[in-house]
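The lines below spell out each chain.
Number of protein chains: 2
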Amino acid sequence: MAKIELDPMLARDCLILGELKFSRLLLMNNALVPWFILLPHTDKTEIIDLPESEQASLLKEINLLSAFVRENFKISKLNIAAIGNIVSQLHVHVVGRDPSDYCWPNVVWGQSEGEPYALEQVKNIRAALAQQLGEAFSRAPE
Amino acid sequence: MAKIELDPMLARDCLILGELKFSRLLLMNNALVPWFILLPHTDKTEIIDLPESEQASLLKEINLLSAFVRENFKISKLNIAAIGNIVSQLHVHVVGRDPSDYCWPNVVWGQSEGEPYALEQVKNIRAALAQQLGEAFSRAPE
Chain A
1 MAKIELDPML ARDCLILGEL KFSRLLLMNN ALVPWFILLP HTDKTEIIDL
51 PESEQASLLK EINLLSAFVR ENFKISKLNI AAIGNIVSQL HVHVVGRDPS
101 DYCWPNVVWG QSEGEPYALE QVKNIRAALA QQLGEAFSRA PE
Chain B
1 MAKIELDPML ARDCLILGEL KFSRLLLMNN ALVPWFILLP HTDKTEIIDL
51 PESEQASLLK EINLLSAFVR ENFKISKLNI AAIGNIVSQL HVHVVGRDPS
101 DYCWPNVVWG QSEGEPYALE QVKNIRAALA QQLGEAFSRA PE
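Sequences listed follow chains A and B, in order. Residues 1 to 142 (the working numbering) make up the first sequence, in order. Residues 1 to 142 (the working numbering) make up the second sequence, in order.
Only chain A is shown next, with the shape it has when bound in the complex (with noise of 0.2 Å):
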């Protein structure tokens, strides 16, 4: 698989919660809502650029990290994207939303607004990854 170099634009905007079989997992350093970044591990910048094998291990990813996400906060959609506009590598939004949430029903993408996680809630958000998802998740280290 390609190595990942991480765009500096997501190392400064996400944490790096840990690495599933095909993607790194990050999550947007916003605690407003639940956002997390599947970066898969290819240089190619678009999905359908992915050979099929891969385009299915992403979706595969998206589908765990859906449930995950749903399961695990109070969320009445999920919002599935991959951009690139700004960041070209390769990488796919699976975001919770909710009517109570901050910007709904505006999508998170161009919103100014944030709040960054308090160190013991990212853990609390690994712990419950390598949890639910088992031997498909490694956690990084705190």
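The set of hints was computed from the structure by calculation and includes no laboratory data. All values derive from a computational prediction rather than experimental measurement. Any given hint could turn out to be false.
All copies of an identical chain are treated as equivalent in the list; a pair is satisfied when it fits inside any one copy or across any two copies.
Using 27 Å as the maximum straight-line C-alpha spacing, the simulated DSSO-like pairs for lysine-lysine come out as follows [stated by the list, open to error]:
| no. | residue 1 | residue 2 |
| --- | --- | --- |
| 1 | 74 | 44 |
| 2 | 123 | 44 |
| 3 | 60 | 21 |
Given the coordinates of chain A, assemble chain B onto it according to the supplied hints.
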């Protein structure tokens, strides 16, 4: 397959281009950017709730449409998204983006600007789809 009753907001904002095997194909009536929408034949509102075979069908149509957009419009990035905060009926956006377009690098969702298509343009898009997708696409009546 579940029958599709087109959501009134999608019906107002979009043109029906035709039918793929699993999804109805819509065109956002905004000629400022090539913005297509896949409306899968399902009553589920989340991709995660589709059976695996339907997820595979949807992914196949996202690929077909992505290739079509990239080959027929001057774009440099694809934006693929399932959002549904406002219209819950499951629909997937496939949008071709370029640094020269009207709202780059911002996302198209939530932008108020727009410009309706001329009938001739829509006719040309339907013809190009029919040519490129062959029997995978059934053209809607003009």
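Hint by hint, which ones does the structure fall short of? The structure conflicts with hint 2 only, although it agrees with all the remaining ones.
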